[in-house]
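Residues per chain, in single letters:
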Amino acid sequence: KNEVEQSPQNLTAQEGEFITINCSYSVGISALHWLQQHPGGGIVSLFMLSSGKKKHGRLIATINIQEKHSSLHITASHPRDSAVYICAPHSEAAGNKLTFGGGTRVLVKP
Amino acid sequence: DTGVSQDPRHKITKRGQNVTFRCDPISEHNRLYWYRQTLGQGPEFLTYFQNEAQLEKSRLLSDRFSAERPKGSFSTLEIQRTEQGDSAMYLCASSLAGFKLFFGSGTQLSVL
Numbered sequence: 001k002n003e004v005e006q007s008p009q010n011l012t013a014q015e016g017e018f019i020t021i022n023c024s025y026s027v028g029i030s031a032l033h034w035l036q037q038h039p040g041g042g043i044v045s046l047f048m049l050s051s052g053k054k055k056h057g058r059l060i061a062t063i064n065i066q067e068k069h070s071s072l073h074i075t076a077s078h079p080r081d082s083a084v085y086i087c088a089p090h091s092e093a094a095g096n097k098l099t100f101g102g103g104t105r106v107l108v109k110p
Numbered sequence: 001d002t003g004v005s006q007d008p009r010h011k012i013t014k015r016g017q018n019v020t021f022r023c024d025p026i027s028e029h030n031r032l033y034w035y036r037q038t039l040g041q042g043p044e045f046l047t048y049f050q051n052e053a054q055l056e057k058s059r060l061l062s063d064r065f066s067a068e069r070p071k072g073s074f075s076t077l078e079i080q081r082t083e084q085g086d087s088a089m090y091l092c093a094s095s096l097a098g099f100k101l102f103f104g105s106g107t108q109l110s111v112l
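Sequence lines, in order, name chains A and B. Under the working numbering, the letters of the first sequence match residues 1 to 110, in that order. Under the working numbering, the letters of the second sequence match residues 1 to 112, in that order.
Bound-form chain A, shown alone (with noise of 0.2 Å):
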């Protein structure tokens, strides 16, 4: 069983959507990454949180740490949204190494 399981693995949307992609960990973690890589692209972080919510523009990040759950929702989805996103649970007790997700691979349509 893999420790980080992200649902959907791939996602069509039209532009002007609300995208959820979903993470679920089996660890315990001191924080959360979820990242953004463009095909051919390096990786980008989009948020680090350990508790609670955050937005930076169109995108909301939330954690919820008993639940061992986390959500990236992209609001007024945009063609320049197409990437793969990838959550990486962070745990100290592991030693501060990152585990990530297999990714969603998001696909805006114009």
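Calculated from the structure, these hints are not laboratory results. We put the CB at the ideal spot given by N, CA and C, even for glycine. Check the hints yourself; a few may be wrong.
[Said to hold, decoys possible] With a Cα cut of at most 25 Å, we get these calculated BS3-like pairs of lysine-lysine:
| hint | chain 1 | residue 1 | chain 2 | residue 2 |
| --- | --- | --- | --- | --- |
| 1 | A | Lys109 | A | Lys55 |
| 2 | A | Lys55 | A | Lys68 |
| 3 | A | Lys53 | B | Lys11 |
| 4 | B | Lys71 | B | Lys100 |
| 5 | A | Lys68 | B | Lys100 |
| 6 | A | Lys53 | A | Lys68 |
| 7 | B | Lys71 | A | Lys54 |
| 8 | B | Lys14 | A | Lys55 |
[Unchecked claim] Beyond 10 Å from chain A on every Cβ pair, some chain B residues (computed):
| hint | residue |
| --- | --- |
| 9 | Asp24 |
| 10 | Gln41 |
| 11 | Glu44 |
| 12 | Ser73 |
| 13 | Glu78 |
| 14 | Asp86 |
| 15 | Phe103 |
| 16 | Leu112 |
[What the hints assert, rightly or not] Label-pair ranges, simulated between beta-carbon atoms:
| hint | chain 1 | residue 1 | chain 2 | residue 2 | range |
| --- | --- | --- | --- | --- | --- |
| 17 | A | His56 | B | Thr38 | 28 to 34 Å |
| 18 | B | Thr38 | A | Lys109 | 23 to 29 Å |
| 19 | A | Glu67 | B | Ser27 | 17 to 23 Å |
| 20 | B | Ala97 | A | Pro8 | 30 to 36 Å |
| 21 | A | Asn64 | B | Ser110 | 40 to 46 Å |
| 22 | B | Gln84 | A | Glu67 | 38 to 44 Å |
| 23 | A | Ser50 | B | Glu28 | 34 to 40 Å |
| 24 | B | Thr38 | A | Val27 | 39 to 45 Å |
| 25 | A | His38 | B | Thr76 | 25 to 31 Å |
| 26 | A | Gly41 | B | Asp63 | 30 to 36 Å |
| 27 | B | Leu60 | A | Leu107 | 28 to 34 Å |
| 28 | B | Pro70 | A | Thr20 | 40 to 46 Å |
Following the hints, position chain B against chain A.
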């Protein structure tokens, strides 16, 4: 540019050769991570440094792989006797403890 830089960007080598990659983290970042990513997959953890100390090494890393971070600044990842299965993107990331990660652009290794 004060981001994480990796060198080289691309490396093509023949099977059996040794290769070395370099990562320069953001200065003052005490944590440095190496990951490997193959096409269509998420990054896989290889190893992690806090300052100059290598605190964890993945079971994925055979004894052909070695990483160093002398003086807690730049890091090198060496692969000896490369195999075709080593072909991947090797990613470096750095952070200050408790803060966001910053990734380099990666080194794409192709073993022929």
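Q | Non-conforming hints, listed in increasing numerical order | A | 3, 7, 8, 10, 11, 15, 19, 23 and 24
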